[in-house]
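Peer 1: What follows is each chain in one-letter form.
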Amino acid sequence: MIKIRKNRLYAVLFIFGSSLLATVLVLTALNQNINLFYSPSDLFASNPSPNKSIRVGGLVQKGSLIRIPDSLEINFTITDLKEEVTVNYSGILPDLFKEDAGVVATGYYDQINNSFQAFEILAKHDENYEPKEVVQALEGK
Amino acid sequence: MNKTFSNLKTFYHKLGSSPWFYKISGITIPYVALFSFLFLSIGIVWGVFFSPTDFKQGDVYRIIYMHVPAASVSQAIYYTMTVAAVVSMIWRMKMAGIFIKSMAPIGASFTFLALISGSIWGQPTWGTWWIWDARLTSTLVLFIFYIAIISLYSSFSEKKSADQAVSILTLVGAVNLPIIKKSVDWWNTLHQPASIKFTESSSISPEMLYPLIISIFGFYLVVLLSGLMAMRAEIAKREINKEWFKNY
Numbered sequence: 001m002i003k004i005r006k007n008r009l010y011a012v013l014f015i016f017g018s019s020l021l022a023t024v025l026v027l028t029a030l031n032q033n034i035n036l037f038y039s040p041s042d043l044f045a046s047n048p049s050p051n052k053s054i055r056v057g058g059l060v061q062k063g064s065l066i067r068i069p070d071s072l073e074i075n076f077t078i079t080d081l082k083e084e085v086t087v088n089y090s091g092i093l094p095d096l097f098k099e100d101a102g103v104v105a106t107g108y109y110d111q112i113n114n115s116f117q118a119f120e121i122l123a124k125h126d127e128n129y130e131p132k133e134v135v136q137a138l139e140g141k
Numbered sequence: 001m002n003k004t005f006s007n008l009k010t011f012y013h014k015l016g017s018s019p020w021f022y023k024i025s026g027i028t029i030p031y032v033a034l035f036s037f038l039f040l041s042i043g044i045v046w047g048v049f050f051s052p053t054d055f056k057q058g059d060v061y062r063i064i065y066m067h068v069p070a071a072s073v074s075q076a077i078y079y080t081m082t083v084a085a086v087v088s089m090i091w092r093m094k095m096a097g098i099f100i101k102s103m104a105p106i107g108a109s110f111t112f113l114a115l116i117s118g119s120i121w122g123q124p125t126w127g128t129w130w131i132w133d134a135r136l137t138s139t140l141v142l143f144i145f146y147i148a149i150i151s152l153y154s155s156f157s158e159k160k161s162a163d164q165a166v167s168i169l170t171l172v173g174a175v176n177l178p179i180i181k182k183s184v185d186w187w188n189t190l191h192q193p194a195s196i197k198f199t200e201s202s203s204i205s206p207e208m209l210y211p212l213i214i215s216i217f218g219f220y221l222v223v224l225l226s227g228l229m230a231m232r233a234e235i236a237k238r239e240i241n242k243e244w245f246k247n248y
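Going down the list, the protein sequences come from chains A and B.
Okay, so the first sequence: first residue is 1 according to my numbering, each after it adds one.
Okay, so the second sequence: first residue is 1 according to my numbering, each after it adds one.
You may find that some hints are simply not true.
[What the hints assert, rightly or not] List time: in silico EDC-like cross-link candidates among lysine to aspartate or glutamate, alpha-carbon distance up to 20 Å:
1. B/K197 / A/E99
2. B/K197 / A/E127
3. A/K52 / A/D100
4. A/K98 / B/D59
5. B/K56 / A/D126
6. B/K56 / A/D95
7. B/K56 / A/E133
8. B/K56 / A/E130
9. A/K132 / B/D59
10. B/K181 / A/D126
11. B/K197 / A/D126
12. B/K56 / A/D100
13. B/K56 / A/E99
14. B/K181 / A/E127
Simulated from the structure, these hints should not be mistaken for laboratory data.
Note that the structure is predicted; figures quoted are calculated from it, not measured.
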């Protein structure tokens, strides 16, 4: 390689290396803040301020969903299979919200009662795609 | 071994020659157009009308046949632009500059398509059009890089300096690519991890996967087609007064 091209190669490596370093430093500094939500275990570990709105995510525990009659209010438990937190919410739910499925709730955490007052519920689905007929046939068995 | 290397070297030098590229692309474009139409229409029609309904999401999941291919090419285009940026910086090959200039608007369009189709998919399934999670945000950053590359290019009147400046910016933005890919594994996000896996079995059933792969292939062909056409137009624009172009 001619000398001038070698020098340009060093320039390329330097530019790429320094942008990589800058990005890694920023991401390391932000680390926890990049996560979209706390898992219930994280919640106990970090115990956030009750006046700050945060997100909690995990699975809707099977059998924990209670609908209050004649209202949009519901109660359910979010679990990460280690810890759990009770969520209270009133409003419209996304179509994919159900028991034993992923959920991300935004709201305020009350540490004393281990309860979470949510003002937004989002459904988190997984990466599995399966034909409806196949699943119904398997469940029918 | 030595022969293949020298063949590769000749090919590399030919790639750097605009008259050669102009001629070859003129011949290949009709074929690429035919195959991209075939793959894209088979993939989309099969996916939208004939693939089975998903057990969880129902029919809404069918937007996958547009969303995943668009997201895939939007990142792939940037990878190729990064290679071109390195070539342009080290060897000052003018075709590399033409490549970046031509591909940036195509990349921006597909990133936009990925963002919009994802948004339309997110509303009925997640319950929101947009969320600032790591995957969505890093894809938006990719889109902004494309826009920045396009506007930086147009702010120069001298093509040579434009090519060099744009190459540096492209190189800086390349850091974002692994972040997009790994964002769903490194942090917890609302976006789910990848369904198509290369090292283990995919978590999407085969009868849904086949049309998706055909559609992805179709999108890549469309990118190839529009890339060839845009590069030809850019060559014509830059070399309109050259002797070879007048005699073409």
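Peer 1: All the hints need checking, so say for each whether the structure fits it.
Peer 2: Checked hints:
A C-alpha spacing of about 28 Å is found between B/K197 and A/E99, which places the hinted pair above 20 Å, so the restraint is violated. Straight-line distance between C-alpha atoms of B/K197 and A/E127 comes to about 11 Å, which keeps the hinted pair within the 20 Å bound. Proposed proximity of A/K52 and A/D100 is contradicted: the alpha carbons are some 28 Å apart, above 20 Å. With a CA separation close to 18 Å, the supplied pair A/K98 and B/D59 stays within the 20 Å bound.
Under the criterion of a C-alpha separation no larger than 20 Å, the hint pairing B/K56 with A/D126 is consistent with the structure, at around 10 Å. Simply put, B/K56 and A/D95 have alpha-carbon atoms about 10 Å apart, close enough for the 20 Å limit, and the pair holds. In summary, the hint linking B/K56 to A/E133 is supported, as the alpha carbons are separated by about 11 Å, within the 20 Å threshold. Annotation: proposed proximity of B/K56 to A/E130 holds, straight-line Cα distance about 8 Å (limit 20 Å).
Pair hint A/K132 plus B/D59 holds up; C-alpha atoms about 10 Å apart against a cutoff of 20 Å. Proximity of B/K181 to A/D126 is assessed by CA-CA distance (about 17 Å); at most 20 Å being required, the pair is judged to hold. Our distance criterion of 20 Å between C-alpha atoms is met by B/K197 and A/D126, whose separation comes to about 14 Å. Distance hint between B/K56 and A/D100 is fulfilled; the C-alpha atoms sit about 12 Å from each other, no more than 20 Å.
Proximity of B/K56 to A/E99 is assessed by CA-CA distance (about 12 Å); at most 20 Å being required, the pair is judged to hold. With a C-alpha separation of about 15 Å, the suggested pairing of B/K181 with A/E127 holds against the 20 Å cut-off.
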